[in-house]
Amino acid sequence: MKRADLFAYSDEEPVCPHVLEFQAIAWSSGDEDDVDGEEEDDEDDDDEEEEARHGGDGDNLAFVVRVFGVTAEGRSVALAIRAFTPYFYIKVAPHWTPGQTRALKDFITSHKKLGVLLVRSVSKKDFYGFRNGKTDTFLRIDCRSLKASKIMAYKLQKPVQGRGIAFPAGEISLYESNIEPIIRFMHMR
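Per the numbering used here, the very first residue in the sequence shown carries number 1; after that it's consecutive.
Just to be clear, a hint being listed does not mean it is correct.
Cut-off 20 Å, straight-line C-alpha distance, at most; resulting in silico cross-link-like pairs (EDC-like, lysine to aspartate or glutamate) [claimed, not checked]:
#1 K91 with D106
#2 K112 with E32
#3 K150 with D33
It should be emphasised that the hints constitute simulated quantities derived from the structure, not laboratory data.
Please build the complete structure, drawing on both the sequences and the hints.
Next up, the structure:
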């Protein structure tokens, strides 16, 4: 495995100035204290209550993939990959207006304190039922940590009410929210 290949999915350049090839022997992943994290000043009471219910402060956590291996020369390698973030999708229902979709994006984006990094629209194929190759619009929610991803998915399964929107429980369809991020990472190219 080449070190540069690990960053092929992003615009970031590898930290290592040379190519390091090694055989991956073991993988692990999880949330760790974010050593490079930026503190946010804006406080939201709802987010604090949500964090308390789910076991504390998710603000300082970051998802890290660790790869352990050995080079052809027999040297041990331990690699920490911090550039990958967990994400999941929400299907934009055909009956939603552009205003509802925008309001939902704004609602999700307002939860930065919980660890939401980015919300963007993407076109993907829905794998449920026969679709004849048709693509649908989804919102991709990128989160700082696995914990933040789980908390946000939990919040979206409940009734969502905010500025200009009201979605009853079950109205928002989550996709790939139960896939372990390390599995997704290993399958990305």
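Hint-by-hint comparison with the structure:
no.	hint	in the structure
1	K91 with D106	holds (16 Å)
2	K112 with E32	holds (18 Å)
3	K150 with D33	holds (17 Å)
In this structure, every one of the numbered hints holds.
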